[in-house]
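Novice: Chain residues, written in single-letter form:
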Amino acid sequence: MSADRFPGFDVLSQRKHWDPVTAGVVLERISNVRDFRFFTPDEQAIATVLCDRLLGQDGDDRIPVAAMIDARLAEEQTDGWRYADMPEDGQAWRDTLAALREDGFADATEKEQDAQIQAVQDADDKWHGLPAARVWSLWTRYACTAFYAHPDAWTEIGFSGPAYPRGYKNAGVDRREPFEVRDHQPGEDPVR
Amino acid sequence: MSKVRERNESAWLLPNDGTRTNHGLRRDMRRFDDTDEIDLVVVGCGAGGSVLTQRLAREGWSVVALDAGPFWDPDRDWVSDEADSHRLYWTEPRVIDGADPVPLGSNNSGRGVGGSMVHYAGYTPRFHPSDFETFTRDGVGADWPLSYPDLKDYYAAIEEELPVAGEAWPWGDPHIYPHRPHPVGGNGEIFLRGAEKAGITAKVGPVAIVNGRFGNRPHCIYRGFCLQGCKVNAKASPLITHIPDALAHGAEVRPDSMVTRIEVDERTGLATGVHYVRDGISRFQRARMVAVAGYSIETPRLLLNSASKRFPDGLCNDFDQVGRYLMVQGAPQTAGRFDAEVRMYKSPPPEVSSEQFYETDPSRPYKRGFSIQTVSPLPITWAEHVAAQGHWGGKLREYMSDYVHWSCLGALCEFLPEPDNRVTLADEKDRHGLPVAKFSYTKGDNDKQLMKAAQAVMEDILHAAGADEVITIDRYAHLVGGARMAADERHGVVDAECRTFAVPNLFITDGSVLPTQGSANPALTIMAVAARAADRLKGSTR
Ligand SMILES: Cc1cc2nc3c(=O)[nH]c(=O)nc-3n(C[C@H](O)[C@H](O)[C@H](O)COP(=O)(O)OP(=O)(O)OC[C@H]3O[C@@H](n4cnc5c(N)ncnc54)[C@H](O)[C@@H]3O)c2cc1C
Ligand code: SF4
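For the record, the sequence lines run as chains A and B. FYI, the numbering for the first sequence is 23 to 214, going by this note's numbering. FYI, the numbering for the second sequence is 92 to 633, going by this note's numbering.
Be aware that a few hints might be false.
With a cut-off of at most 30 Å between alpha-carbon atoms, the simulated BS3-like pairs for lysine-lysine come out as follows [as the list claims (entries may be wrong)]:
1) 288(B) / 191(A)
2) 294(B) / 191(A)
3) 148(A) / 543(B)
4) 539(B) / 148(A)
Hints listed in this document are in silico derivations from the structure and should not be mistaken for laboratory results.
Use the sequences and the hints to build the structure in full.
Specialist: See the structure below:
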C-alpha cells in the first residue's frame, strides 16, 4: 500500500491540538479493543474476513473494521432508514453473512473469497434473494465508514484529521500547514 | 430596515469568552405548564420553527417550541470528526421506496434544536423570481400563491441575521450581501479557475458563515467540518441565530420532546394543542395555535398520524394532498484529479457557486436548470464517491491515498414536483408505537436530463482547470414539499400565509410548504417564508 506517500506524517502526533471532546472519541476509537457484542462468533469470523478483503487489508496493523461495525450495530447507531426491499441494517448484516457462510466463504482461499465478493458486485439482480446492489451498498457503506474513521487511514491519505480549535491557516492549491507533509508521489494517479 | 441587533439580538447573547453556549439564558428561560393555554406551540426548532418562535416571542406571544432532539451545546456535544457526528441526524426508522429511493440519514434531516441547519453546509442563496411561477413560464412544476416580491424583504432581513457573506450576486434578482466574501481554499480556487477558462461565471458565496466578527460570534477558522456542526459558532444555525433572542423574549424551548399527535376539537374544528412524549411520559401541551415545522418527512407523517373521526385519512388530508409533491434536488457530484495538492478539506465545503444554468434554456430539450457549487467531502464521504466507481480492496485504498489531489463540485438540479413522490405511513412502528414514514421517489425524464447536463458542465469546468481525470457519483440533496402551499385546498395543504386550509389555527412553517425548489439550497427560503407567516400572524388575533 502507499503508506509512504506522506513520509513522516502522522495525524496522531497532532492530538495535543484537538479539543478534549473530539480527542476523547477519536482516542477511544483506537484504544478500545472491543468485545464483539452484536455478531455471533460465526458471523464475526466471516465479517472480519469480508471487511478485510473489501479494504485490502492483509498486513499486521489492521484497522478493526468488523469490530467497529459490530459496535455500531450493537449500539443501534444505524442511519435508521432502510430500503423497502431490504431488512433493517442489523438483520441485513446477519442475513448476508449467513449467505456467505452457505457459500463456503470462510473456508475458501483469498482468491476465491475475492471472486465471491466480486460476484455480488457484478450481480444484476438478486443475490441469495436480496437485491445485490443493495447488499453491496450495505457492505461498502459500513466498511468504508469504519475504515476512514480511523486515524491510521487518515495518515495513509494525508488527511489532517480533527481541526478544532486550531483551524487552518494555509488553504489553497499546493499550500500546506507546517505539520502537513507533501505527497511524495504526486504523479501516482492510480488509474493513469 | 432597522439595525439587525435591534431586530434580533441572538449573536450578542452568546458568550464571548471562547465558550459557545449561554447557559444562564437557558437556565433562566421562562417555563410554561402543560395546562397553560399558551398562544402558540411550535413542533420542531429547525429552520422554519425557530424563526417563527423568535418573531412571535418578540411580539409578546407566549410560545413553547418542542423539539424531539437535544438542546445542543457545541462545546460538549459536537466533535471535529465525521463518524461521531452521527447523533446530529434523524436516525429513527424510515422506509425508502420507489424506482429511485432516496437514502436518508447523514445526508438528510437533523434532530435537535437548530434542526438540519446544525449540519447543513451553509449555502444560503435566494430563489429566483422564476421559481414562483414555473407553471406559467415553463408549463412544469407549480405556481406559488405568492411571488418573489412578497419574500424579497424577508430574504434581506434574514441575510442580515445569519449573516450571509458573498460577492454581489448577478443572478435571479441581483442583490448584494451584508458581509464580504470569504477567501477561498484549494477547491474554490480550482472552481474559479476552471469556470473562468470555460467561460462560465462563478461567484464566491453566498454562505451563512461569519466573516470578521458578528456580535459575539467569531470568524470562521476554515477547518472544514461544517457538515458536522460548527464548534466555532461561525456557521449560522437557528441554535445561535434565532433561539437565543427567542429565549430572551420569553419563549420556552422544550428539547427531547417528541410530538406524537395534534389534537383537534371535533366540535369547534380547531386545534387545541399537541401530545408529546418526554422522558417516556406522555403529555399534552394546550395552545391556542399550533405550528408544525418538523421537516418534509416528519411533518406529513405527524399529520397522517393525527387522523381522527373528522379527518379519517389524516389531518388536513381531505383532498389527499398531505405527503405529496415531495421533492429532492438531483445532486450529482463530480470530482477532478490534479497533480497539484488541492486539500479540499481545508476551508468550509461551501465556497463558490454558479447559477448560470439555473433558468430554462430554450435551446435545450429540458425545462428549468441547475446550479453548481463546491462540496469538499471529508474522507468517509469521499470514500463513498470513490467506492461508487466500483473500486474495492487494494484498488480502493490506492485511490483513496490520492485524496489530497482531488477537487469536488456538486450540482443541484431542480427536480420537478410529482404527486406520487410522497410520504405515506408504513406498516412498521417506531419505539413510540407510531407508524413510521415511507418515502417513495421516482425521477422523471426532465430530472434525468438535468443530471446529465449538470455532470457535463462540471466535467468541463474541472477539465478546463487542468484535471486529468473526472469521476461522478449520483446523489440527492435537500428534501422539500410534502404539505405544499397552494391557491386552494384541492391543490395543497396550506395557503400563502402557511395556514392550513382545513384547520384555521393550525400552521405549517417549514420546508414542507414549498411548491417548487429551484436549484437553490432551501434553508434561506424556508426561513423567509416562516418570517413572512409570522408577520401575517402578528396582526391577527391570538
Ligand atoms: C448534509 C446537509 C447539507 C445541507 N446543506 C444545505 C445548505 O448548504 N444550504 C441550505 O439552504 N440547506 C441545506 N440543507 C438543507 C437544510 O438544512 C434544510 O432544508 C432545512 O434545515 C429544513 O428546515 P425545516 O424547518 O424544514 O426542518 P429542520 O431544520 O430539519 O427542523 C426540523 C426539526 O423538527 C424536529 N422534529 C421533527 N419531528 C418532530 C416531532 N414529531 N416532534 C418534535 N420535534 C420534531 C427535528 O428534531 C428538527 O430539529 C442541508 C441539509 C443536509 C442534511
Ligand atoms: S469551516 Fe468555518 S464555518 Fe465551517 S465548521 Fe469550520 S469554523 Fe465553522
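Novice: None of the hints should be skipped; say for each whether it holds.
Specialist: We went through each hint and held it up to the structure:
no.: 1; hint: 288(B) / 191(A); result: holds (28 Å)
no.: 2; hint: 294(B) / 191(A); result: holds (22 Å)
no.: 3; hint: 148(A) / 543(B); result: holds (28 Å)
no.: 4; hint: 539(B) / 148(A); result: holds (25 Å)
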